[in-house]
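Colleague: Which chain is which? The protein sequence lines are R and V, in order.
According to this note's numbering, the first sequence is numbered sequentially starting from 1.
According to this note's numbering, the second sequence is numbered sequentially starting from 401.
Honestly, the hints are just simulated from the structure, not real lab data.
The reader is advised that the hints may include incorrect statements.
To be verified - Coverage of chain R stretches by chain V, computed from C-beta distances (three or more under 8 angstroms per stretch; other residues unrestricted):
1. 112 to 123
2. 128 to 140
3. 197 to 206
4. 243 to 255
Nothing here was measured: the structure is a model prediction, and the numbers come from that model.
For glycine and all other residues, C-beta sits at the position ideal for the given N, C-alpha and C.
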Amino acid sequence: MAKGIRDKVAILGMGCSKFGERWDAGPDDLMVEAYIEAMSDAGIEPSQLDAAWFSTHVDEVGTGKGGTPMSIALRLPNIAVTRVENFCASGSEAFRGAVYAVASGAADIAIALGVEKLKDTGYGGLPVANPGTLTPQVMPNGSAPGNFAQLASAYRAKHGVSKDDLKRAIAHVSVKSHANGAKNSKAHLQKPITVDQVLNAPMIAEPLGLFDCCGVSDGAACAIVTTPEIARALGKKNLTMVKALQLSVSNGYESQYNGWDGSHFHTARIAAGKAYREAGIERPREQISMIEVHDCFSITELVTMEDLFISPEGQGWRDVMDGFYDADGGVPCQIDGGLKCFGHPIGASGLRMLYEMYLQLQGRAGPRQLKDPVFGMTHNLGGAPASNVCSVAIIGQEGA
Amino acid sequence: MVGIAAWGAYAPRLRLSRRAVVEANAWVAPNLRSKGKGERSMANWDEDALTMAVEAARDALGTADDRSQIDALYFASTTAPFADRLNAGIVSAALTLEKSISASDVTGSQRCGLTALGQALAAVQGGVARAALVTAGEHRRTRAASALELDCGDGAAAFVVTADAGAAELLGRGSVTDDFVDHFRGNDGGFDYAWEERWIRDEGIVKLVPPAVKRALEAAGVAASDVAHFCFPSTFAGMAATLAKGLGIRPEAVRDNLAAVMREAGCAHGPILLAHALEQAQAGEIIVVAQFGQGAEALVFRATGQGSRPARGVTGALADRQEETNYMKFLTFNGLVEWDKGMRAEKDNKTALTTLYRNEDMILGLVGGRCRETGVVQFPRTRISVAPNNPAVDTQEPYRFAERRASVLSYSADYLTFSMAPPNHYGMIVFEGGGRIMMDITDVSPGDVDTGLPVKMVFRIKDVDEKRGFVRYFWKAAPDRSAQAAQTAVAAE
Numbered sequence: 001m002a003k004g005i006r007d008k009v010a011i012l013g014m015g016c017s018k019f020g021e022r023w024d025a026g027p028d029d030l031m032v033e034a035y036i037e038a039m040s041d042a043g044i045e046p047s048q049l050d051a052a053w054f055s056t057h058v059d060e061v062g063t064g065k066g067g068t069p070m071s072i073a074l075r076l077p078n079i080a081v082t083r084v085e086n087f088c089a090s091g092s093e094a095f096r097g098a099v100y101a102v103a104s105g106a107a108d109i110a111i112a113l114g115v116e117k118l119k120d121t122g123y124g125g126l127p128v129a130n131p132g133t134l135t136p137q138v139m140p141n142g143s144a145p146g147n148f149a150q151l152a153s154a155y156r157a158k159h160g161v162s163k164d165d166l167k168r169a170i171a172h173v174s175v176k177s178h179a180n181g182a183k184n185s186k187a188h189l190q191k192p193i194t195v196d197q198v199l200n201a202p203m204i205a206e207p208l209g210l211f212d213c214c215g216v217s218d219g220a221a222c223a224i225v226t227t228p229e230i231a232r233a234l235g236k237k238n239l240t241m242v243k244a245l246q247l248s249v250s251n252g253y254e255s256q257y258n259g260w261d262g263s264h265f266h267t268a269r270i271a272a273g274k275a276y277r278e279a280g281i282e283r284p285r286e287q288i289s290m291i292e293v294h295d296c297f298s299i300t301e302l303v304t305m306e307d308l309f310i311s312p313e314g315q316g317w318r319d320v321m322d323g324f325y326d327a328d329g330g331v332p333c334q335i336d337g338g339l340k341c342f343g344h345p346i347g348a349s350g351l352r353m354l355y356e357m358y359l360q361l362q363g364r365a366g367p368r369q370l371k372d373p374v375f376g377m378t379h380n381l382g383g384a385p386a387s388n389v390c391s392v393a394i395i396g397q398e399g400a
Numbered sequence: 401m402v403g404i405a406a407w408g409a410y411a412p413r414l415r416l417s418r419r420a421v422v423e424a425n426a427w428v429a430p431n432l433r434s435k436g437k438g439e440r441s442m443a444n445w446d447e448d449a450l451t452m453a454v455e456a457a458r459d460a461l462g463t464a465d466d467r468s469q470i471d472a473l474y475f476a477s478t479t480a481p482f483a484d485r486l487n488a489g490i491v492s493a494a495l496t497l498e499k500s501i502s503a504s505d506v507t508g509s510q511r512c513g514l515t516a517l518g519q520a521l522a523a524v525q526g527g528v529a530r531a532a533l534v535t536a537g538e539h540r541r542t543r544a545a546s547a548l549e550l551d552c553g554d555g556a557a558a559f560v561v562t563a564d565a566g567a568a569e570l571l572g573r574g575s576v577t578d579d580f581v582d583h584f585r586g587n588d589g590g591f592d593y594a595w596e597e598r599w600i601r602d603e604g605i606v607k608l609v610p611p612a613v614k615r616a617l618e619a620a621g622v623a624a625s626d627v628a629h630f631c632f633p634s635t636f637a638g639m640a641a642t643l644a645k646g647l648g649i650r651p652e653a654v655r656d657n658l659a660a661v662m663r664e665a666g667c668a669h670g671p672i673l674l675a676h677a678l679e680q681a682q683a684g685e686i687i688v689v690a691q692f693g694q695g696a697e698a699l700v701f702r703a704t705g706q707g708s709r710p711a712r713g714v715t716g717a718l719a720d721r722q723e724e725t726n727y728m729k730f731l732t733f734n735g736l737v738e739w740d741k742g743m744r745a746e747k748d749n750k751t752a753l754t755t756l757y758r759n760e761d762m763i764l765g766l767v768g769g770r771c772r773e774t775g776v777v778q779f780p781r782t783r784i785s786v787a788p789n790n791p792a793v794d795t796q797e798p799y800r801f802a803e804r805r806a807s808v809l810s811y812s813a814d815y816l817t818f819s820m821a822p823p824n825h826y827g828m829i830v831f832e833g834g835g836r837i838m839m840d841i842t843d844v845s846p847g848d849v850d851t852g853l854p855v856k857m858v859f860r861i862k863d864v865d866e867k868r869g870f871v872r873y874f875w876k877a878a879p880d881r882s883a884q885a886a887q888t889a890v891a892a893e
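Starting from the given sequences, assemble the full structure and let the hints guide the process.
Modeller: Below, the structure written as structure tokens:
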């Protein structure tokens with residue numbers, strides 16, 4: 001049994017650009033914005049960076065392939081830059097690479113940066129992807145909302161929830177995130193909304209309306225990690241430590257074998273279970289202070305509450321309606337507005353989630369600050385319910 | 401005696417109201433008002449002559465996986481998707497026929513459906529083939545506001561021909577070949593160009609069809625007065641009756657040409673009328689089918705009252721109907737309107753032919769795998785089994801999904817993605833006996849689909865590569881309306 005990553009690596013600094021429709025900025029500008037904040041927070045010089053991990057997902061727009069876009073934009077001192085891509089979980093992958101490099105001793109200080117410049121396509125929604133030569137010959141010509149929307153039909157069937165009840169529950173998910181996003185000056189969407197607005201919005205993919213879908217945003221986020229010893233030597237106190245980093249990847253069980261019921265994420269349950277073990281957490285509903293989940297769509301967030309073992313199976317929609325995940329609830333969720341309102345520049349999102357958890361743990365979250373958080377969890381999913389990669393990370397206070 | 405062992409038919413579910421067409425065009429073509437009664441069958445955007453021919457063939461062949469008895473295939477159409485790619489090869493792959501079959505495309509005239517049937521009968525008679533599958537499909541593209549637009553329908557019919565007749569034995573055959581150009585369509589893929597109807601009727605059909613029928617009756621040794629079913633497709637009013645009178649065939653033998661409910665499906669229409677006659681003929685009755693086109697083709701059969709009846713046939717296909725009153729939809733489906741598909745439609749649909757061939761049985765035949773050791777069924781077939789507790793290596797045997805019953809596990813109706821008929825419905829389809837596939841759901845409207853809906857597999861157009869003129873085919877799920885009705889009946893009890 002591997003010993004795991006718990007308490008081996010500290011976050012030295014983080015940065016995040018303003019997310020949104022950044023007509024003013026190209027991917028280089030976004031990277032620089034996040035990088036300068038993170039370097040300033042870490043208090044180090046570029047020459048102290050040993051290695052870099054760089055995450056982007058979309059090749060059709062944005063930076064293109066390879067590690068060079070990051071190295072050139074930031075004028076890195078010819079260090080290793082590994083470009084990683086793992087669907088919408090790419091940002092968590094960059095973080096994992098940097099953390100593992102430090103934990104291994106191969107690097108003293110490593111940087112992870114994710115960026116996505118989506119708003120260069122000319123149309124709304126995510127860019128139409130090029131899925132290779134076989135997939136388009138057999139798979140439906142679908143979209144992200146169309147794939148995630150399917151959770152709703154299966155969840156209803158499995159738990160006997162009516163169409164109206166589920167639609168109202170997922171509307172509450174979005175209303176809550178908009179309320180949180182209104183307190184975040186870096187968020188893409190900062191206006192509160194009402195349940196009626198959600199219910200009456202144009203349909204995107206049944207049953208998901210416009211307000212059930214997250215923002216399609218430009219942005220970048222960055223993390224600099226090191227060992228606790230080096231962090232302390234650099235004068236840091238109140239360290240934010242990495243407690244768990246897990247990634248579970250579909251192997252075809254959901255999409256090809258008649259076992260999965262379509263109502264939940266098989267991988268999320270595996271990743272969450274492993275992450276809790278790695279972090280030494282036994283009662284997540286009580287012990288986890290706050291979560292940032294991959295709320296690409298409202299229904300995704302709702303079922304994820306059960307997949308992370310915080311709500312009992314089939315009861316997630318009731319917890320949502322009861323306000324358990326609101327800012328003043330038992331486990332605040334998407335306190336920064338989430339993908340829904342902070343926005344979803346794909347390659348940056350995993351790092352953006354960690355950025356909020358880090359700010360909260362450092363007590364620097366401003367008007368959104370929660371009282372004395374101990375553990376913050378991020379759930380960063382890529383792909384579609386039937387075939388995906390799911391990252392679960394936990395960071396927390398030193399000694400917790 | 402050589403003859404037809406089994407038959408099948410297909411008509412697309414959509415039926416375009418002809419009234420909707422004439423009303424939309426009344427400002428420019430008021431003369432077409434008289435054609436405003438009844439319906440024409442209308443292919444969905446993802447149907448063409450070939451997909452309909454595959455469906456008719458499936459109706460004729462039944463749901464058994466083993467189709468190894470078929471050793472010859474004839475695909476007839478004047479509207480086949482490819483000018484140089486064996487269209488019958490696609491039909492064969494879709495039906496998972498043996499690689500050792502002979503296959504040909506029969507085309508060039510409205511009578512080619514019956515020509516193909518005649519060739520199949522001759523091949524079996526001559527001992528060249530044991531069991532020949534003939535399938536004819538037609539989907540003619542017509543100009544907006546033309547008479548032809550109101551006279552054409554879409555459809556298909558198929559026959560299995562064997563040496564021991566089964567359903568109907570061949571008694572005689574007659575042909576006339578004459579370069580009478582009632583209409584033509586150049587090889588530029590454009591539209592039909594037709595001459596005056598009175599000339600076609602009086603100089604063409606009336607003079608060229610009877611000699612073919614007479615020859616067939618003579619060969620059969622049957623008197624015209626003994627004919628019980630006379631099938632002759634024509635959109636000219638009373639045309640079949642006129643011919644029958646001249647030939648000495650009793651007026652009551654003239655069969656309904658189905659023009660009121662589907663109009664005329666080109667070269668497939670003679671075969672459709674024959675299939676319809678087979679469905680209703682009593683044992684011993686004589687059936688004559690003829691079709692016009694640069695001469696004529698005529699065949700005489702005697703019904704045996706035996707053989708295998710199709711699950712749907714013409715009767716079932718015509719009963720599965722949904723009225724369409726949106727003429728714009730018809731124009732759009734047929735590429736007659738330059739419409740704004742949006743930027744999402746700009747993606748390149750170039751097909752990697754290497755990938756297509758490597759996965760031929762998977763893509764065209766919907767063939768997956770079944771683990772020899774565990775019996776676990778999966779799609780696609782892979783070297784390592786998907787079974788979670790037994791990832792056996794190299795144990796997969798081919799397993800056909802096309803005829804398996806299935807149902808919807810999860811779905812969405814997607815308004816964001818590009819679709820020729822938005823919203824695009826798709827979902828996870830689970831099969832009885834194992835396996836699941838995320839696939840498109842076709843022939844549905846919003847509100848039709850939910851978890852648990854019984855579905856069947858249908859062979860359809862997946863995408864069209866307009867830049868290169870290539871059509872991609874794959875399978876989709878369509879509501880299994882007979883299973884649905886059965887479910888509802890059980891629930892009512």
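Colleague: Against the structure, test the hints numbered earlier, and report the numbers of the ones violated in rising order.
Modeller: The structure conflicts with no hint, since it agrees with every one listed earlier.
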